[in-house]
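Colleague: Spelled out, the chains give:
Number of protein chains: 2
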Amino acid sequence: MNIAQALDDLALFLGDGLSRSKSDLDLHGRSESHFPLTPPDAVAYPRSEAQVQRIVQICAAHQVPVIGWGAGTSLEGHGLAVQGGVVVDFTQMNKVLEMRPSDLDVTVQPGVTREALNQELRATGLFFPVDPGANATLGGMAMTRASGTTTVRYGSMRDNVMGLRVVLANGQIIETGSRARKSASGYDLTALFVGSEGTLGLVTELTLRLHGVPEATSAGICAFERVGDAVNAVIDTIQMGIPMARIEFVCADTARAFNAYAGTDMPECPHLLVEFHGSADSVAEQSQRFAEIVQDHHGLGFQWSTKEEERRALWAMRHNGYYAILASRPGTRAIVTDICVPISRLATAIEETQYDIKGSTISGPILGHVGDGNFHAILLVDPDNPAEMAEADALCKRMVTRALGLQGTATGEHGVGLGKRFAMEAEHGAGWHVMASLKAALDPQNLMNPGKMLP
Amino acid sequence: MNIAQALDDLALFLGDGLSRSKSDLDLHGRSESHFPLTPPDAVAYPRSEAQVQRIVQICAAHQVPVIGWGAGTSLEGHGLAVQGGVVVDFTQMNKVLEMRPSDLDVTVQPGVTREALNQELRATGLFFPVDPGANATLGGMAMTRASGTTTVRYGSMRDNVMGLRVVLANGQIIETGSRARKSASGYDLTALFVGSEGTLGLVTELTLRLHGVPEATSAGICAFERVGDAVNAVIDTIQMGIPMARIEFVCADTARAFNAYAGTDMPECPHLLVEFHGSADSVAEQSQRFAEIVQDHHGLGFQWSTKEEERRALWAMRHNGYYAILASRPGTRAIVTDICVPISRLATAIEETQYDIKGSTISGPILGHVGDGNFHAILLVDPDNPAEMAEADALCKRMVTRALGLQGTATGEHGVGLGKRFAMEAEHGAGWHVMASLKAALDPQNLMNPGKMLP
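Chains as they are written, first to last, in this note's numbering: chain D, 1 to 455; chain X, 456 to 910.
Fair warning: there could be bad hints in the mix.
[Stated by the list, open to error] Just some of the chain X residues that point at chain D, by a computed CB distance under 7 angstroms: (1) 463; (2) 466; (3) 629; (4) 634; (5) 638; (6) 880; (7) 881.
Just so you know, the hints here were simulated from the structure itself, not pulled from any lab data.
Ideal placement from N, C-alpha and C gives every residue a C-beta, glycine not left out.
Chain D extracted, bound-state conformation (with noise of 0.2 angstroms):
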């Protein structure tokens, strides 16, 4: 690696687009989450395609690694520079290209956030539906295969990606995928850059699926005695095939630390909270539908409403548990596990692991995409107490050896990083290993976000 003779060749390329100020290394060297403070040689910040091809070149021919970098949302690290090089930040790169209504697609630049995609969005009658929570920008939330509360209605990143845009690490520009809804043509080379958080190469565009904002929503929630009771009430659910928008589960203490947040009434048990999209008529059936199955499964009292006001009141718990859960224990931080196991395994899981963090020191409320068997424990510990650190890692270990032994996987939607690599070759046994051939094929030198996610 000859750093000094890249940044050299970078700086005269990008001008003021390549920054090497101490504040902006230390803000792309930080994550979300507990790892340590990583600062990379140089941030990038291209203003197109031909910029971000030219970044790569430059790199490859002084073996330099090249880091992706969108919000900086990611929880597992993955935009940390751990072997050193140039972060490439798209935030620049964040326009909305072309977007193309009575196709239900659009196409974007990386940077674009989902929350500035849908406001652009706003005057055609149509949604992008994948939601993690953070307003990530979209090229992160591909290269990670993001989903969240919506995925049990819409799906994920991998169904909501059409096609792509990607630098190669020998600067090769490819186009994947097609504007049409379906292809048997060729190896699935979109879904094989969705989810590999920039080790493959860079993505500068994404075309998406749209979807069309329902008529009527009508959002509800719903008290159980037992985990177990709730989680068989979704199961139930998708059996009849009652379409839901977003099924999402918290557990007593969430509603307890949400009790002390907002001074409410909440019954402390677990929760569901449900929401449908259609038509009027039918966002009422699935309701009452919903209502008939609670009942059947020991739901205590489910109430639900179509009305904009009252549905926000209604999902105020699933809003705030976060903010809620933090402030149980203030001056922490938050380790945010994630693991998804088929729904069936769901109620053990969650139980499980509730068993366990009560047997450890360490307070970990449990919130989950209960309709994709997805969930997390917030852990809260003191960063500074590496004991309490070592807890948890512990912890979020088992939650992985236990979300395998059920057949399920080591992350439901915040992907490999650095945080989840030790869980591979448990996960993928021989696989792990097809992944690093790939990965060699289309990166030899290793450049391309090195150190993450493979062997």
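Use these hints to put chain X onto chain D, whose structure you have.
Modeller: Using the frame of chain D, we list chain X on its own:
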């Protein structure tokens, strides 16, 4: 390649599980399409994954090509041993291994056909939705990324394969995916193998996503004077978020052929055939809303029903369309083309194709899965007439060029195989060579279904 030694080793290992009879070789050298007879050197009938692994190891040791075979229903010559070698016929590996109704998934061997699977699922209230028409094997359907009439609602094999077990070219076995409904863990190997047409390995197990049998189904049919009106009705329906389970287009020529075949008096103009799945109330509501849309687009009398007998009658033209078309010119063979375009371009694609076909000497009615932008022309040809075959080939090539010019794909559902290989460079450009790099990484001797899809 040392074929003699490989066949000796295979015969020793497989006993009567290896066939070299002329009838068997011919059976596996024939395709449902117009490709010349291409018998392999032998046909192996494995009964277990361990046998598949050993077959691949023996073939690899002697540089002998290995070609997977399901029900032989491919339309693009996928299973033909164009460079000689051993066809691996999966029909003996036809067990449903495990049904898990509460997770809505099932694990099967690759030789199970989709009809056999749905038969086995009957008691569960679940079904597997991907329906390419032919009673293909699920292994074959995964390998060609098959789709069909229900894809507009339930997705293609891309969306319904959750995980695979695969024997790679080096004999190693990997497991891809998991039983979790989503994952952000590592490269999406499942998606890489789905649609790889046997060029990266042989699938020995598939875990598939299931769906609840709808409580109610409504089906309908409507005539239109113009293709554009029919397509615009579909666009509106999609944009309004009305969840069609099926929406099929047939052209005026198909209606005419059907009238002649069945003695009916359908209006001889383009038709849409539609199906809705849901609760009794919701399918009624959807049908009514669709009826309103149809009226906005000058549809001629939408008729619909939820009763099975009536539904069958309304859809008779779709179910028998292919046979009606074949009967319209006795003694001919059909070349079934397959392109897919963005829905806004669909009317243009169909009309230009019709105009092109009308200017030829060939008859070619059009049918399509119009909700996906996917359609077929059924080109009726005399295979012994070289001029006609050449004309059909030219029509097919122009359809592909047209599809790519409209930002579509050369194949929506039939795959590449031999028949669409000519289109790969035009469709994927540098991406095609990326596919070749991936292939070389996993199959450096080029033994897995060589001569197909790749450069």
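Colleague: Decide, hint by hint, whether the structure agrees.
Modeller: Do the hints match the structure? See the list:
1. 463: Residue 463 of chain X check fails; min Cβ-Cβ to chain D is 30 angstroms, beyond 7 angstroms.
2. 466: Since the shortest Cβ distance to chain D is 29 angstroms, the answer is violated.
3. 629: 4 angstroms, holds
4. 634: This hint holds: residue 634 of chain X lies near chain D, its Cβ roughly 4 angstroms from the closest one there, short of 7 angstroms.
5. 638: 4 angstroms, holds
6. 880: Where the cut-off is 7 angstroms and the nearest Cβ of chain D is about 11 angstroms from residue 880 of chain X, the hint is violated.
7. 881: Hint violated; residue 881 of chain X Cβ to chain D Cβ min 10 angstroms, cut 7 angstroms.
In the structure shown, a violation is registered for the earlier hints numbered 1, 2, 6 and 7, in ascending order.
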